[in-house]
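Colleague: Residue numbers (the working numbering), protein chains in the order written: chain A, 24 to 498; chain B, 24 to 498.
Just to be clear, a hint being listed does not mean it is correct.
To be verified - Simulated pairs of lysine to aspartate or glutamate, DMTMM-like, Cα-Cα distance not exceeding 25 Å:
1) Lys327(A) / Glu268(A)
2) Lys327(A) / Asp422(B)
3) Lys327(B) / Glu268(A)
To be verified - Which stretches of chain B does chain A cover? Using the computed rule of at least three CB atoms under 8 Å from a CB of chain A, they are:
4) 170–181
5) 202–211
6) 221–228
7) 283–290
8) 293–301
9) 399–411
Bear in mind the hints are in silico, worked out from the structure with no lab data behind them. Just so you know, these numbers come straight off a predicted model, no measurement behind them. The C-beta atom is built at its ideal place from N, Cα and C for all residues, glycine as well.
There are 2 protein chains.
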Amino acid sequence: MTAINPPLIANRTPDWAPLRALVGDRFSENAAVRAHHGRAESFFAAMPPDAVFFALTTEEVAAAMRFCADRSVPIIPYGAGTSLEGNFLAPRGGLCIDLSLMNEILHVNAEDLDCTVQAGVTRKQLNEDLRNTGLFFPIDPGADATLGGMAATRASGTNAVRYGTMRQNVLGLKVVLPDGRIIQTGGRARKSSAGYDLTNLFVGSEGTLGIITEVTVRLYGQPDAILAATCSFETLRGAVSAVIETIQLGVPVARIEFLDALQVHAINLYSKTTLPERPTLFLEFHGTQSGAAEQTAMFRDIAKTHGAGNYATADTTEARSALWDARHKALYADLALRPGAQAIVTDVCVPISRLADCVEDARRAIDESGLIAPIVGHVGDGNFHVIMLVKPEEQGEIDRAHKLSERIVELALAHDGTCTGEHGIGIGKKHYLRQEHGDAVDLMRAIKRAIDPAGILNPDKIFDETLGAATAAPS
Amino acid sequence: MTAINPPLIANRTPDWAPLRALVGDRFSENAAVRAHHGRAESFFAAMPPDAVFFALTTEEVAAAMRFCADRSVPIIPYGAGTSLEGNFLAPRGGLCIDLSLMNEILHVNAEDLDCTVQAGVTRKQLNEDLRNTGLFFPIDPGADATLGGMAATRASGTNAVRYGTMRQNVLGLKVVLPDGRIIQTGGRARKSSAGYDLTNLFVGSEGTLGIITEVTVRLYGQPDAILAATCSFETLRGAVSAVIETIQLGVPVARIEFLDALQVHAINLYSKTTLPERPTLFLEFHGTQSGAAEQTAMFRDIAKTHGAGNYATADTTEARSALWDARHKALYADLALRPGAQAIVTDVCVPISRLADCVEDARRAIDESGLIAPIVGHVGDGNFHVIMLVKPEEQGEIDRAHKLSERIVELALAHDGTCTGEHGIGIGKKHYLRQEHGDAVDLMRAIKRAIDPAGILNPDKIFDETLGAATAAPS
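Generate the whole structure from the sequences, applying the supplied hints.
Modeller: Here you go:
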């Protein structure tokens, strides 16, 4: 079971005529289109596909995949292009299947609090559509990602502390397998013990096992009351300790986001806010009027014992939107902090009891590195990011950033955590997977091999072709 | 990928000496011990294993599995023996690996709200151990099942409407694979996007992919306030409609259980209660004092509009325990209703919007069958059971029960539901799996084949050896 897929000999010059005949100008070999699909938001070299196929239906996806399977052409699924670990880059070329035109909301079952959408629907589009139903879809990774992409990377974001990640919120999927077969996983019943959980096998598989074309997700009633606030602290440890105690006491906070002093400074400059430039929490409480007020009071009591300073509420819808808009633009604020720089973003997650130590250790490691790198985090889950601002032209900066990134992952693993809380392994974190999961990686590979024996689906993602090859079966 | 495992030629007469040498009298071929391990609580013929191995450590489990793998001996994992679909029967004999002696609670991480236990720890044992920590483990299938067994069948029960099923509550597993390799899945961080979700692949796999020897689960703070009550209704539809509206309005009820009039009658006789013998809900609300009271008030307002009659609170801990004890003994109360009868229990689950129709359809089908069969259900999830009381010696009763059971599953599937909400496929529901999941079953089989190529792990469970063999690959 430790055997790996044979290295894929990618066919980069197939006769594309059948695909062009199938979808006309929704097939493209245009250099600009290819470049657009081969460039991640974060710091990776451009790796464009050989062609791009804009699908409109599941059947078209299946036809394209059969074409590729018959010709050993790599297949790379693409949603909104917002993923951060190079998850959709095409290091071996191949056919990029762009799902962004599959953006139909198929069914909203308000009574059952679920809906089924095509994979290219974005979270903002869905919530816009739901506005008058009294329902909403809470998972919010910041970027306006597609639901298919969010499922594929097991995305989460600011609301996960209360509503869970895609793992908890995807009820079912329509998936095209590498040989073009179409299957439906899961179902609309809220629970089932009927067979293996294929839904959660595809959620987080980063397009390496199949292409998701439809997603059924849970919805939630819009809360009666939403109270948002910011709260600054004297120390980083004070802020993080307040989070830990809030979670441990079971306060059902909807969002609890940490920003270090440097991140607050960047936001003040970029979003024209006047927040105290100290370690700060951005908070949101959902519930009935009395329930949300009770949560707020509980949090404020906790915060006081950890050196809380200024507590500012965002009472109106506009003020609340401005607050979260500023938070979501943290990455752009950071880039503006050092014009010309690019961002390398880490993404680790640790058990909440280790969070204060791990964030402090990370801050120390950043300071030792001499890099400019704010810290932000969905700390209610123990998840935080270090945003390293580097200029490739500055001697050795990239190297230092990679070393710092490695150091932060090692800190997280030493604190019983994971090398990625929500961005995925992609092309950038393959070398940490075995460090974190040991021989369980061989089982992942066995599953990959069973479903995609030719290795054509999103090659070089999650697994490194050379990793694990030397591991002998222990029994 | 549609190919099935070669039919297992089970070796039923290996030389057991190495296993006896390994664990002494924790290996047994005693007829009574074998019989005890080959008899399900529900209606299945006895199918004893050829021998039973009582493991104390993961390494012993691995050694036993290597022994079996080398000799084509079937392996059947066994916990508390409380599963209901014959999940641990041994139709091809083989070695039963009993994990009940692996009952150590390894770590309780109160700060992180999680704990790691050996697979043989039961849910009552765990909660007893947690009593003074302020924490509890909510998943409650009624029977005092082991955590390993609960993970393997994706169990849930009365609290799932608020706290989720094992799917949402298992953070990680230690698993022995069929060739004896030991892997660790998941981790203690609350979220991770690092690789495939092996944890949820094993949760619900019913011992067909590996044997779970350790389980890491989420814990929750014991709520400040617990309010329990019963509420009777004029009609079945009224009771179920009240549930639907409660869920749709997002009242975070912790338990909401339906019992039809016949079930209430049985409980009154068996547990000496004096409940009105009408369609009834058993309820529990968890929260702060004010939060729980607010939930209660919201529910009562809803119930009034659906013909609620008597609403009786169970205010003391003793009264609450008596209430849930009576609910958990529903099966025994039913058996007492018809002395000498055995129970065949169905377990379907539908989207909440379909629940009233489906339960009414089921009640009509029961009445047409002429069988005695109360209905109970974890209706907050859309999950309900029909408990058919049959006497094998009565001409044709078994046949009628099987036909009724089939009819109820068909009703559930027609209502967009699942053939099993929480009991699993086991040996009894294999023929429904393809009806529900179509070609996705071929993918499940491909995974089974990749992990257990010899087919020695819990053979004849989930998949029928003949099913799917005739399915040609469609592409």
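Colleague: It remains to establish, for every hint, whether it holds in the given structure.
Modeller: Hints, one by one, checked against the model:
1. Lys327(A) / Glu268(A): holds, 12 Å
2. Lys327(A) / Asp422(B): Answer violated: Lys327(A) to Asp422(B) is near 68 Å, above 25 Å.
3. Lys327(B) / Glu268(A): violated, 40 Å
4. 170–181: Held - the segment 170–181 of chain B has 4 residues with a Cβ nearer than 8 Å to chain A, which meets the minimum of three.
5. 202–211: holds (count 9)
6. 221–228: Our answer is that it holds, as 6 residues pass the Cβ test (under 8 Å) against chain A, meeting three.
7. 283–290: violated (count 0)
8. 293–301: Violated: only 0 residues of the segment 293–301 of chain B have a Cβ under 8 Å from chain A.
9. 399–411: This one holds; 3 residues, not fewer than the three required, reach chain A with a Cβ under 8 Å.
Of the numbered hints listed earlier, those contradicted by the structure are 2, 3, 7 and 8.
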